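Note that the sequence shown covers residues -19 to -1, 1 to 128 in mature numbering (1 follows the signal peptide of the UniProt record, and there is no 0).
A few of these clues could be false.
Below 30 angstroms or equal to it, Euclidean Cα-Cα: the simulated DSSO-like pairs (lysine-lysine) are [unchecked claim]:
1) Lys84 - Lys115
2) Lys40 - Lys92
3) Lys82 - Lys51
4) Lys115 - Lys11
5) Lys11 - Lys82
6) Lys40 - Lys84
7) Lys40 - Lys11
8) Lys115 - Lys4
9) Lys9 - Lys92
10) Lys118 - Lys60
11) Lys51 - Lys4
12) Lys71 - Lys115
13) Lys16 - Lys51
14) Lys60 - Lys16
15) Lys51 - Lys84
16) Lys71 - Lys51
17) Lys118 - Lys51
Ranges between beta-carbon positions, derived for each pair [what the hints assert, rightly or not]:
18) Lys16 - Glu81: 29 to 35 angstroms
19) His72 - His120: 18 to 24 angstroms
20) Ala78 - Gln19: 18 to 24 angstroms
21) Glu97 - Asn8: 17 to 23 angstroms
22) His72 - Asn22: 26 to 32 angstroms
23) Thr57 - Lys11: 27 to 33 angstroms
These aren't lab readings, by the way, just hints derived from the structure by calculation.
Keep in mind that this is a model prediction, so the values were computed, not measured.
Ideal Cβ placement from N, Cα and C applies to all residues, glycine included.
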Amino acid sequence: MKTFFCFVFFLVSVTFVNTRPSKEYTNKFKAAVQKCSQQFNLTLDVEGYAKYRKLSETKNGKCAVLCVFKEMEYVTDGKLNFEHVVSSSKHKWEGSAVIEKAKNVYSTCYKELNLENDTFDCDKAVEMLGCLMKGSKEHSIPAPYLS
């Protein structure tokens, strides 16, 4: 299950080692992961991601990613709520430099994927996850640590 938490955590944030999200945020995230993993039965997708760092290509896997976005309130009325994504950064990181770096990754992905105009569906959710993963790698942001 820890592997699954690491996988999905990329959905909602890009973080640094030794920087932990607030307890409230972590609890909300874990509840979202549990709900969505049960709803979409992600075991095989998670194993594939953990082994190959490959995003899900199945409908269930893609829609589970969208499910977590919705549970975290990053998607409302079929649109990515960019302002909420950015404002939630204060619950995930400490220090303005880290928060600014994360905001830049969010902004880049938002623009590259044309999320202002497009409906945020299962496919867009996985595209966003891929962009966040790419951005975290480009900015040397390691995988998150969740306890």
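Here is how each hint holds up against the structure:
no.: 1; hint: Lys84 - Lys115; verdict: holds (14 angstroms)
no.: 2; hint: Lys40 - Lys92; verdict: holds (24 angstroms)
no.: 3; hint: Lys82 - Lys51; verdict: holds (23 angstroms)
no.: 4; hint: Lys115 - Lys11; verdict: holds (23 angstroms)
no.: 5; hint: Lys11 - Lys82; verdict: holds (24 angstroms)
no.: 6; hint: Lys40 - Lys84; verdict: holds (29 angstroms)
no.: 7; hint: Lys40 - Lys11; verdict: holds (22 angstroms)
no.: 8; hint: Lys115 - Lys4; verdict: holds (27 angstroms)
no.: 9; hint: Lys9 - Lys92; verdict: holds (27 angstroms)
no.: 10; hint: Lys118 - Lys60; verdict: holds (26 angstroms)
no.: 11; hint: Lys51 - Lys4; verdict: holds (19 angstroms)
no.: 12; hint: Lys71 - Lys115; verdict: holds (22 angstroms)
no.: 13; hint: Lys16 - Lys51; verdict: holds (11 angstroms)
no.: 14; hint: Lys60 - Lys16; verdict: holds (21 angstroms)
no.: 15; hint: Lys51 - Lys84; verdict: holds (19 angstroms)
no.: 16; hint: Lys71 - Lys51; verdict: holds (19 angstroms)
no.: 17; hint: Lys118 - Lys51; verdict: holds (25 angstroms)
no.: 18; hint: Lys16 - Glu81: 29 to 35 angstroms; verdict: holds (31 angstroms)
no.: 19; hint: His72 - His120: 18 to 24 angstroms; verdict: holds (20 angstroms)
no.: 20; hint: Ala78 - Gln19: 18 to 24 angstroms; verdict: violated (37 angstroms)
no.: 21; hint: Glu97 - Asn8: 17 to 23 angstroms; verdict: violated (31 angstroms)
no.: 22; hint: His72 - Asn22: 26 to 32 angstroms; verdict: holds (29 angstroms)
no.: 23; hint: Thr57 - Lys11: 27 to 33 angstroms; verdict: violated (21 angstroms)
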